[in-house]
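Spelled out from the first residue to the last, the chains are:
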Amino acid sequence: MRRAIGLWTGLVVVMLYLPVLCGVLASLGQSRYFRFPVQQWSTAWWERTLSSIEIGILIRTSLAIAACVTVAAVVIGFVGALAFARYDWRGRRLYQKLLLLPIFFPQPVLGLALLLWFNALGAPLSWWTAVVAHLVWIVPVVTLVIAIQVYGFDPALEEAAADMGASRLMVLREVTLPLLWPGIWSGALFAFLLSWGNFPLSLYTTGADSTVPEWLYAKMVAGYTPMVPTLGTLATLAAAGALLLGGGLLALVRRVREAG
Amino acid sequence: MAEPILRLAGVGKTFGQLRAVDRLVLDVEEGEFLTIVGPSGSGKTTLLRMLAGLETPSEGDIVLRGRRINDLPPEKRPTCLVFQSLALFPHRTVGQNIEFPLKVRGVAAAERRRRAHELMAMVRLPADYYGKNVQKCSGGERQRVALARAFAYDPEILFFDEPLSAIDYKLRKTLEKELKDIHKETGKTFIYITHSLEEAMVMSDRIGVMHQGRLVQVGTPEDIYQRPRNLFVAAFMGEVNQIPVRRNGNGTWEGLDLAGHFRADATAERGHLVIRPELMRFVSARDAADNVVEGLLYNEYSLGSRLQYQIRVGEKVLVVERSRGDAFAGDPSAPVLVGWDVRDQLFLED
Amino acid sequence: MRLGPGPRHAIPVGILLLLGFAAPLVAVTAYSLATPRSFDVFRSLTLANYRTILDPANTVWLSFAWSLLLAAATVVLLAAIAYPIAYGLARLFGRWAGLVGLLFVFPLFISENVRLYGWVLFFIKGGVLDGTLRTLLGIGGPDVLFTPGMILFGMVYVYLPFMLFPLTLGLAMVPRDLIDAARDMGASRLQIWREVELPLAMPGILIGFLLTFVLGAGAVAEAKVLGGQSVIVITHDIEIAFTYAQNWPLGSALAVLLTLLIGTLVLLVLWRLDLDRILGRR
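Chains as they are written, first to last, in the working numbering: chain A, 1 to 260; chain B, 261 to 610; chain C, 611 to 892.
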């Protein structure tokens, strides 16, 4: 049974990445329309994509949104995770469940609802409103990721530090943050990557600005060019790079600490 | 002698480089209460898991009533393990837990219920606990549920993996005695593991002491207590005084970490004298006991009904225990003499 | 009034959810009560939009039915696909579990459009499958693109992690000792699964079912990218009302109905769960 489960898992993983591979193949052909097997390999579409000013702007917008979302989500999520798992208070159970609601909600509908709300407020739509939209579902995710770390955290350590005369800020800097940083770091990675790849929330809330997934979608529906799979692959590689870098850093710091 | 119910013939288990259990040889008699004692990491839990079928031995044979059962999975073995965690099903009631092995076997509901009540009476659980949520039970009650459930399986041998370790001292003492009673009433074979020799002493017919994957001594509680085979067993019994010695030309032994000459009934060249603290006493003169040393009293503790003294002799500290009626009465600042007789000491060859 | 540390730390999240989640839902509800095809929210109060939807002549119920049907089918298929993998992650893979888990998380960071479009490139005429079959066997690939079956395939594909991780969490909640104990008392694999594993992993299983059902019921990208226009799902209808039709009140009314449906389900299930136990394993 062990072998059967291993085999099945392998098969599903292959299926999971098969379409990504198809995108890579489509980005490396020379012709305007994708034909398989590829007749003439070429990196022309990569060169065009990388030198396109329009795509540069898209990437910058996506990065700006992801960066703002990451900072805000980690701050709010860290504090929220303490309320979720660290402190025992009346209403905590309710809070835990309310926090999950945005995750258990279809994102396209949430995006439309936010569109209405921004409209009712008279707020002009731009990449800033998209940051808010992303936060609504990314903050709960980040809170959960950090909360899992907080569960393993012994509050007595904070109390001991306070008992030895450390101020609130010192306790936070010397005890709480160093012990929770793996969770915080993972939370930041999640926030960045989820925002980077998000489409349904961006679609309705960026206004005139456009993110990478939005542009891809627009071109898929009308006006396919091999720049679609190229940019898609590029976005995937960027995400993989961020994950490897972030994960690698996490592992490195952990190893250095354990050795030291 | 009757055929043993269980025979271990060179049973061993290696995890990578580590020999967790090192080629054990042991016969277990039908109906006996055998306890395997050892510190954590001595391999006793691995041994028990092999006997239950939850681990496969790397070498050797496990033989049950003459039949090799190495490859028999746990569900096919007529044995049942009471886990350290007790492994009670948290989503089931007391009754449902006890009935689990019967349900698995397809016993009808009415019969299951009747049997569960019988077993609850046996383990001294009130009948109205039948419908109680196991998670609402106290530690001792959960203990009894686990025991009843194991009996419901009607195994030929019951294994216990330190099930009492999480229970407070007083209740543990009661449960130990009850378990011994139940063993007598049922006549089943019990194999129990624990790190507490005290627990083993109370309950067992025989004790096996395990150290670094080996059985260093197997014997009755009396044997183990009176005649430990080596220093590990002697020290495992509790606090003892150990004095390494070497034979002199004149038939006495010379202390190696303690100045002095000692008498002993032995023929070896080197060894250890082992003396229990309660067998040492304060003496007034050098010839008032077979062996006497001089030291300084530097600490005194109360052990309740007894008092413990620490005596510094050169670099070494000896421990003496006396009852309250026999407390140290001399001048605590002056040197004191501590003595014991040859018949109260053990000589263990190196 | 002084707040304790717990509620105080809950404030930032609370404000975000209030302004970013509760308020938009209120806005949608308000819009759903406005005069059809108008933008005078908060100024008109009418049930006309709901009447339009419930009108038997309106076929919007068909979109609802498709969405719920597809979501239910997604849940069933995913349960079967993900359970063995979750079992592997929780029990068998040991030190490889982290890496395997990561392989399943990573696709979440790629926009679902990109991944779904990859499937289009795979299945399309002249695509990877068609091209491979033509070259090797001389026959064309099957014509599966732009069918309801393909939508289901896309949903199963996209929502796999949302089933897999709750299931893994659930299975990890079943103590190893309980499985061993059940075996030791003679239970067969099936009996262990039914009597021990399933009931104890139920919180995780419920979360997985709920999450994939809810996300599936609101899914739209799969139908648009892989399904062509073969099926209109409810979220697509809502989108149409907001964009081409420029009938925000009608779209809002549809969104309110979908939210009510999903909300009831979520609250029913979520309220029974003890999240501390599921996440913290204390």
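Bear in mind the hints are in silico, worked out from the structure with no lab data behind them. Remember, it's a predicted structure, so these values are computed and weren't measured experimentally. Watch out, some of these pointers could steer you wrong.
[Stated by the list, open to error] Incomplete in silico selection of chain C near chain A, CB under 10 Å:
| id | residue |
| --- | --- |
| 1 | T656 |
| 2 | Y660 |
| 3 | V686 |
| 4 | L687 |
| 5 | R701 |
| 6 | F703 |
| 7 | A829 |
[As the list claims (entries may be wrong)] Calculated lysine-lysine pairs in the DSSO-like style (CA-CA distance at most 30 Å, straight line):
| id | chain 1 | residue 1 | chain 2 | residue 2 |
| --- | --- | --- | --- | --- |
| 8 | B | K444 | B | K336 |
| 9 | B | K396 | A | K97 |
| 10 | B | K448 | B | K430 |
| 11 | A | K219 | C | K735 |
| 12 | B | K437 | B | K448 |
| 13 | B | K336 | B | K363 |
Note that CB positions come from ideal geometry on N, CA and C, so glycine has one too.
Within a Cα-Cα threshold of 30 Å, do B:K437 and B:K448 meet the stated pairing? holds (16 Å)
Pairwise hint evaluation, C:K735 against A:K219, where the allowed Cα distance is 30 Å at most: holds (19 Å)
For the restraint on C:V686, tell me whether the closest CB of chain A is nearer than 10 Å. Cβ of C:V686 sits 16 Å from chain A, so the hint is violated.
B:K336 paired with B:K363 [C-alpha distance capped at 30 Å]: holds (16 Å)
Given the hint that B:K448 pairs with B:K430, does the C-alpha gap stay at or below 30 Å? holds (26 Å)
Pair hint outcome, B:K444 versus B:K336 [Cα-Cα no greater than 30 Å]: holds (26 Å)
A closest beta-carbon separation below 10 Å is what the hint needs, so does C:A829 meet it against chain A? For C:A829, the interface hint holds, since the closest Cβ of chain A sits about 7 Å away, which is under 10 Å.
Let's test the interface hint: is any C-beta of chain A closer than 10 Å to that of C:T656? Given a least distance of 17 Å, the restraint on C:T656 is violated.
Hint C:R701 vs chain A: min CB-CB distance below 10 Å? Holds - the Cβ of C:R701 comes within 10 Å of chain A, reaching about 9 Å at its closest.
Just to be careful, I want the Cα atoms of B:K396 and A:K97 compared with a cutoff of 30 Å; is the pair within it? Holds: B:K396 and A:K97 sit about 26 Å apart, inside 30 Å.
Once the shortest beta carbon distance from C:L687 to chain A is found, is it less than 10 Å? Hint on C:L687: violated, closest Cβ of chain A at ~12 Å, above 10 Å.
Restraint: C:F703 near chain A, CB-CB cut 10 Å. Satisfied or not? holds (8 Å)
In this structure, the earlier hints numbered 1, 2, 3, 4 are contradicted, and the remaining ones agree with it.
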